[in-house]
Amino acid sequence: MILIGQYDSPFVRRVAIAMTLSGMTFEHRPWSTFGEGDLIAPFNPLRRVPTLVLDDGSVIIESAYIIDWIDEIAGDKALIAPSGADRQKAFYYIALTVGYGLFRQGRRHVL
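Counting from -18, one number per residue, gives the positions in the sequence shown under my numbering.
Quick caveat, the hints were computed from the structure, so don't treat them as lab data.
Please note: incorrect hints may appear among the correct ones.
For lysine to any residue, the following SDA-like pairs were computed, each having C-alpha atoms within a straight-line distance of at most 25 Å [said to hold, decoys possible]:
1) K58 <-> E43
2) K58 <-> Y74
3) K58 <-> I(-2)
4) K70 <-> A(-3)
5) K70 <-> L2
6) K58 <-> A(-3)
7) K58 <-> M(-18)
8) K58 <-> L77
9) K58 <-> D37
10) K58 <-> S3
11) K70 <-> I54
12) K58 <-> V79
Simulated restraints on C-beta separations [said to hold, decoys possible]:
13) D37 <-> P11: 15 to 25 Å
14) E43 <-> H9: 14 to 24 Å
15) P63 <-> D19: 32 to 42 Å
16) W50 <-> P23: 15 to 25 Å
17) G16 <-> E43: 19 to 29 Å
18) G16 <-> P(-9): 17 to 27 Å
19) R28 <-> M5: 20 to 30 Å
20) A62 <-> D19: 36 to 46 Å
The beta-carbon is built from N, C-alpha and C at its ideal position, and this holds for glycine as well.
Work the whole structure out from these sequences, hints included.
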């Protein structure tokens, strides 16, 4: 597998952490959306990171979906509950955390 994106992105970091905690090995291509967008485009036409290229050549984009896929195949190493209230609560807090980080970068503190 190939994880595309620089670790200065919190979204790339969270995917890399989830993959590592799940015991997955991957190649890291630290391409920037600004400087190497042309390298990213063949895998992700939006030129966004993180982008995960699977061994069969298929591609998953968007950190939440990538982490959901990781949990789906991780089995007992999954980071998020497979269903029910615990899963909903986990995604609620993930959304708050991601949103808070985005607002902090824009100098708007909402929490």
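How the hints compare with the structure:
no. : hint                      : in the structure
1   : K58 <-> E43               : holds, 21 Å
2   : K58 <-> Y74               : holds, 20 Å
3   : K58 <-> I(-2)             : holds, 13 Å
4   : K70 <-> A(-3)             : holds, 22 Å
5   : K70 <-> L2                : holds, 20 Å
6   : K58 <-> A(-3)             : holds, 15 Å
7   : K58 <-> M(-18)            : holds, 18 Å
8   : K58 <-> L77               : holds, 23 Å
9   : K58 <-> D37               : holds, 22 Å
10  : K58 <-> S3                : holds, 5 Å
11  : K70 <-> I54               : holds, 21 Å
12  : K58 <-> V79               : holds, 23 Å
13  : D37 <-> P11: 15 to 25 Å   : holds, 23 Å
14  : E43 <-> H9: 14 to 24 Å    : holds, 18 Å
15  : P63 <-> D19: 32 to 42 Å   : holds, 39 Å
16  : W50 <-> P23: 15 to 25 Å   : holds, 20 Å
17  : G16 <-> E43: 19 to 29 Å   : holds, 21 Å
18  : G16 <-> P(-9): 17 to 27 Å : holds, 19 Å
19  : R28 <-> M5: 20 to 30 Å    : holds, 24 Å
20  : A62 <-> D19: 36 to 46 Å   : holds, 40 Å
Taken one by one, the earlier hints all hold for this structure without exception.
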